[in-house]
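Asker: The primary structure of each chain is shown beneath.
There are 10 protein chains.
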Amino acid sequence: MQQHKKDSRNILETFENPNVDREYTIQIRIPEFTCLCPKTGQPDFATLHLEYVPASLCVELKSLKNYIWSFRQVGAFHEAVTNAILDDLVAVLTPRRARLTAEFNVRGGIYTTVVAEYPSPVRDR
Amino acid sequence: MQQHKKDSRNILETFENPNVDREYTIQIRIPEFTCLCPKTGQPDFATLHLEYVPASLCVELKSLKNYIWSFRQVGAFHEAVTNAILDDLVAVLTPRRARLTAEFNVRGGIYTTVVAEYPSPVRDR
Amino acid sequence: MQQHKKDSRNILETFENPNVDREYTIQIRIPEFTCLCPKTGQPDFATLHLEYVPASLCVELKSLKNYIWSFRQVGAFHEAVTNAILDDLVAVLTPRRARLTAEFNVRGGIYTTVVAEYPSPVRDR
Amino acid sequence: MQQHKKDSRNILETFENPNVDREYTIQIRIPEFTCLCPKTGQPDFATLHLEYVPASLCVELKSLKNYIWSFRQVGAFHEAVTNAILDDLVAVLTPRRARLTAEFNVRGGIYTTVVAEYPSPVRDR
Amino acid sequence: MQQHKKDSRNILETFENPNVDREYTIQIRIPEFTCLCPKTGQPDFATLHLEYVPASLCVELKSLKNYIWSFRQVGAFHEAVTNAILDDLVAVLTPRRARLTAEFNVRGGIYTTVVAEYPSPVRDR
Amino acid sequence: MQQHKKDSRNILETFENPNVDREYTIQIRIPEFTCLCPKTGQPDFATLHLEYVPASLCVELKSLKNYIWSFRQVGAFHEAVTNAILDDLVAVLTPRRARLTAEFNVRGGIYTTVVAEYPSPVRDR
Amino acid sequence: MQQHKKDSRNILETFENPNVDREYTIQIRIPEFTCLCPKTGQPDFATLHLEYVPASLCVELKSLKNYIWSFRQVGAFHEAVTNAILDDLVAVLTPRRARLTAEFNVRGGIYTTVVAEYPSPVRDR
Amino acid sequence: MQQHKKDSRNILETFENPNVDREYTIQIRIPEFTCLCPKTGQPDFATLHLEYVPASLCVELKSLKNYIWSFRQVGAFHEAVTNAILDDLVAVLTPRRARLTAEFNVRGGIYTTVVAEYPSPVRDR
Amino acid sequence: MQQHKKDSRNILETFENPNVDREYTIQIRIPEFTCLCPKTGQPDFATLHLEYVPASLCVELKSLKNYIWSFRQVGAFHEAVTNAILDDLVAVLTPRRARLTAEFNVRGGIYTTVVAEYPSPVRDR
Amino acid sequence: MQQHKKDSRNILETFENPNVDREYTIQIRIPEFTCLCPKTGQPDFATLHLEYVPASLCVELKSLKNYIWSFRQVGAFHEAVTNAILDDLVAVLTPRRARLTAEFNVRGGIYTTVVAEYPSPVRDR
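Chains as they are written, first to last, in our numbering: chain A, 1 to 125; chain B, 1 to 125; chain C, 1 to 125; chain D, 1 to 125; chain E, 1 to 125; chain F, 1 to 125; chain G, 1 to 125; chain H, 1 to 125; chain I, 1 to 125; chain J, 1 to 125.
What the hints contain is simulated information worked out from the structure, not anything from laboratory work. A portion of the hints provided could be inaccurate.
Derived pair list, reagent style DSBU-like, types lysine-lysine, alpha-carbon separation capped at 30 angstroms [said to hold, decoys possible]: (1) J:Lys39 to J:Lys65; (2) C:Lys39 to B:Lys65; (3) F:Lys65 to F:Lys6; (4) H:Lys65 to H:Lys39; (5) F:Lys62 to D:Lys39; (6) A:Lys65 to B:Lys39; (7) D:Lys62 to D:Lys5; (8) G:Lys62 to C:Lys62; (9) H:Lys6 to E:Lys5; (10) D:Lys65 to F:Lys39; (11) B:Lys62 to G:Lys65; (12) F:Lys5 to H:Lys6; (13) F:Lys39 to F:Lys65; (14) J:Lys6 to A:Lys5; (15) H:Lys6 to H:Lys65; (16) B:Lys65 to I:Lys39; (17) D:Lys6 to D:Lys62; (18) D:Lys5 to F:Lys6; (19) C:Lys5 to G:Lys6; (20) A:Lys62 to J:Lys62; (21) E:Lys65 to J:Lys5; (22) J:Lys39 to A:Lys6; (23) E:Lys62 to H:Lys39; (24) C:Lys62 to C:Lys5; (25) H:Lys6 to D:Lys65; (26) G:Lys65 to C:Lys5; (27) I:Lys5 to I:Lys65; (28) J:Lys62 to J:Lys5; (29) F:Lys39 to H:Lys62.
If you anchor each label on the Cβ, the simulated ranges turn out as follows [what the hints assert, rightly or not]: (30) G:Lys62 to D:Asn105: 50 to 60 angstroms; (31) J:Arg29 to E:Asn10: 43 to 53 angstroms; (32) F:Asn66 to C:Glu60: 47 to 57 angstroms; (33) B:Phe15 to I:Thr14: 48 to 58 angstroms; (34) E:Asn10 to D:Val20: 46 to 56 angstroms.
Built from N, CA and C at the ideal position, the CB exists for glycine as well.
Could you put the whole structure together from the sequences, leaning on the hints where they help?
Answerer: Structure follows, in structure tokens:
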């Protein structure tokens, strides 16, 4: 089981947002995310839902597919990998807003979903 | 593969809003949008969801069907074509508000949806 | 094809709201609306969703069924007929609030829904 | 066809809210409500959805079942009976908030749902 | 039928939140909760939905499974057990926010769901 | 709780089959069957599915509705009442074939459906 | 309320089956059938499902739409009209096989579906 | 973890089939079966679907509920327990035919269902 | 609007069936078929369902995609094009069995599906 | 990309069928199959449905999970891998009957499912 390299975000390519003036939303659903459990080495599976409002750049879909594919043999916890993917996308795209939802397959009779947003919401407690 | 001509918006016809005084909403779903991928020349497919609040004009449905049909052999990226169709509708209708959602069919295991609104939302970051 | 007579709203009967003090909501779904296309004379079909907060009067259901039935041989455009039915209901009931949603069957590969509210919403552009 | 007696609300029993300090919500769905139409004497059927935030008391479920059952041979209009059941529950529980939704079965091709809240919402027109 | 011991919350284990700076959400669905009815001793079943925003700690899933399992032979009322589980999770995790929804299986033709939040919502009546 | 009278099948009215020469099928779904549990006196509910191939007579729908209604205050076990209703329909209609399926609502966490056919199927064991 | 004229089947037009040698199936779903109840004069609605194996002729769809439309103001019982439409289609097409299923909307809390086949099935009782 | 006692089938009670002459079918769905994994001692869950054609006896539902409940703390493999429950039911009821389908909850990413019939089907290989 | 050339079936490529000895089934669903209406020149859309039992050859999926794509600007009637595609596949694959189902989008309020099999079924009338 | 070793079937473990005398069915659904495309090296995903009637042996689920996992980095065509997995299971279990259905995720807008049975069905053409 390999470590996911910090430079794997270089796999992500971008193209210029064709409508910079309008705040519009791009929703991307990726049902084929898979990585490995860092404890047991066994496969984990998830559907990723990315929703972002582009600033000057949009993510190129083929490179996004390859980036997602780069996690296939990498050990990653649910919470950490969701935040890491959002960090990579924010680093490459600097979007106006972004949200990543990772719905993991059932493990031990329990279904886990992690939802991370950029910028981090600030709410009163 | 042709270029979509800027004057194709002339295909769109309008009729007078029968209730100018009331702010009401017209929702239109078009499951049969198809264009070509500008990179590969292969067909792309989408379901379009248009929702608008008319001002003085409404879009005539038969002309809308013909307008949508005019993209059949045109090369168009997902993000660009969604914004372009909204621009055409806004230019012809000058609606109080409008939103276009384009749900594209899966490509490379990835599902993309683009949502554009008029006027562009203005939110704090 | 007949014209829908302005006095057809007289078909609508009312009864006294049994709980005038409470602002509560009555939702009514009518899947069997049909009228004729004014251009082609061919039948159109819709499901109507009425939601209103009664003031002193409620609409009697049997009379509502007969009122809806009175459109069967009448020529009516989607946008106009939705607004006209809401106008009739408001005229007869003077409700605190009302909203009529008309989901028309597909025509030319396009699905149209019209949503009208009373009082008309007032929003900033 | 009997009249529903005002003291039928005595059927409802309560128990002490085990967490008075926390504002939490109890949702109860009852698909087996039936009463009689006061005009025709024929049976009516509804699914009731009760949602309330308890104050010091919660409703005991078996007594609620018996209370609902007490309407079986009682004549009751849709709007009136929904408001009456909410009144009974509020009288017995004095909840922080409550909402009763009654989805009646189709009659004459028309589906009716009544939604009543306590305290009655106060909104600007 | 045993009493659930106050120290059963010690079954719950935690790990350090890998992204303390971002307010993100973890959603956990557990369809296999079962306990006993304190009145009749008969089994009750529920699906639990936990949603929380972690502060410095996240709940470890295997320990959560074992904690849920510890209720199997314990007598517990719907409202009380939902609040107790939320209390245990809050005591162990001190999350920024948490909500527990317990959907119990039908009993006596009635479906009950209990929804508790931390911190308790404060709303005007 | 009354006994269902043997002559209640007289409620059922018939009309002449308009196409005696063709073996065709009439399917009738009745979601509003209710009777009482003979043990506890509490209400039971079921959806009935009748499917028959008429010979010389068809069942008139309004009389079928009234016949179904006649069970409202009658004590009846699931298995017995399903067979009794089929017997009544066969006695009145003498159909070529008939099948009655009664889907009862959940009781004690258990869902029961009874399926009876005329003529009784004869199969090898 | 008019009588449906025996020559209304002349509305149906045909075209030559392009593959006479192969026994293939054409399935047609028509959700917009409406006629009148001969007793009350009130509208009835149905979804028709036609399935046939053509011999030398296929039914032309636009003429089928017009034929269906010709029942709009005609009084017709469920069982009779289903058999009559099948008779008309068989008379015009002489198909190898045909089946017409008419799913009528709920009336009096009862859902009726009529299924007729050509040639009439012959089964042992 | 206890062993399930061979005499637990004595929990099952019967009543006389009210229609011995007709071969009819009783379908019973039980979503609340739970036992323990004999290897790990952890809980297993299943939905049971029983379908049988009674001979002289029917199973009484309350006793069936108690019988199912008797497995709660018993160690049992999927295949063995499904066959054992069918054996018990056949021993007590001697039905004309019976089939038991046990849909177990997901374990290790794998969903298992076991289907056993009485009498055992005999088919050519 | 072009004519579909008889040699377009040359687009279809094959590979050797890896398990000639076993009669197994390959099911292929293609939601993106589009051609033109020969009468009006307007676009038609369908979902194709192919199911075949290969003999010595299987169809290569990329070539199948290109073959389907070759109908994009071709005029074709529903019944004819379904049979023609099946003919092309049979000519290229000589499968043990094949069935093609073409579900066309709604036109004029009517939904058409064509189902063709190879070899043509032979049934008694 | 590795080749799948012929001895990988040794991963599969068995246990003795607890009911050899009864022909019963075990259905297993595995939504997490993944391998690599032999042409492009890119990941493929499928849901496997196994249904078998055991003779003297049943497959142990944990070993089945590991066996499925062994394909993760192996290049395999859809048709070949489905047949190979069925071959492995038949070799290890010698079941009375078995069927494997592999539903692959969409590729190039096309959905492929392969269904293989043991023993191979023999039908007349």
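Asker: Measure nothing beyond the straight line between the CA atoms of G:Lys62 and C:Lys62; if it is 30 angstroms or shorter, mark the hint as holding.
Answerer: violated (35 angstroms)
Asker: Verify the proposed pairing of D:Lys6 with D:Lys62, using a straight-line Cα cut of 30 angstroms.
Answerer: Roughly 20 angstroms separates the two Cα atoms, so the pair holds.
Asker: For the pair F:Asn66 and C:Glu60, does the Cβ-Cβ distance stay inside 47 to 57 angstroms?
Answerer: Distance hint for F:Asn66, C:Glu60 is violated at roughly 24 angstroms.
Asker: Is it true that the CA of H:Lys6 sits at most 30 angstroms from the CA of E:Lys5?
Answerer: Since the Cα atoms of H:Lys6 and E:Lys5 sit roughly 34 angstroms apart, the hinted pair is violated (cutoff 30 angstroms).
Asker: Hey, A:Lys65 versus B:Lys39, does the alpha-carbon distance stay inside 30 angstroms?
Answerer: Holds, at roughly 17 angstroms.
Asker: Checking one constraint from the list: CA of C:Lys62 to CA of C:Lys5, max 30 angstroms. Satisfied?
Answerer: The hint holds at about 20 angstroms.
Asker: Under the criterion that the straight-line Cα-Cα distance not exceed 30 angstroms, is the pair D:Lys65, F:Lys39 satisfied?
Answerer: holds (17 angstroms)
Asker: For the pair we were handed, F:Lys62 and D:Lys39, check the Cα-Cα distance against 30 angstroms.
Answerer: Distance of about 17 angstroms is within 30 angstroms: holds.
Asker: Under the criterion that the straight-line Cα-Cα distance not exceed 30 angstroms, is the pair C:Lys5, G:Lys6 satisfied?
Answerer: Violated, because 34 angstroms separates the two Cα atoms, which is more than 30 angstroms.
Asker: Does E:Lys65 pair with J:Lys5 here, judged by a C-alpha cut-off of 30 angstroms?
Answerer: It is violated: about 37 angstroms lies between the C-alpha atoms, which goes past 30 angstroms.
Asker: Run the distance test for A:Lys62 versus J:Lys62: straight-line Cα separation, threshold 30 angstroms.
Answerer: It is violated: about 35 angstroms lies between the C-alpha atoms, which goes past 30 angstroms.
Asker: Decide if the proposed pair is consistent with the structure: F:Lys65 and F:Lys6, CA atoms, cutoff 30 angstroms inclusive.
Answerer: holds (17 angstroms)
Consistency with the previously given hints fails for numbers 8, 9, 12, 14, 18, 19, 20, 21, 25, 30, 31, 32, 34, ordered from lowest to highest.
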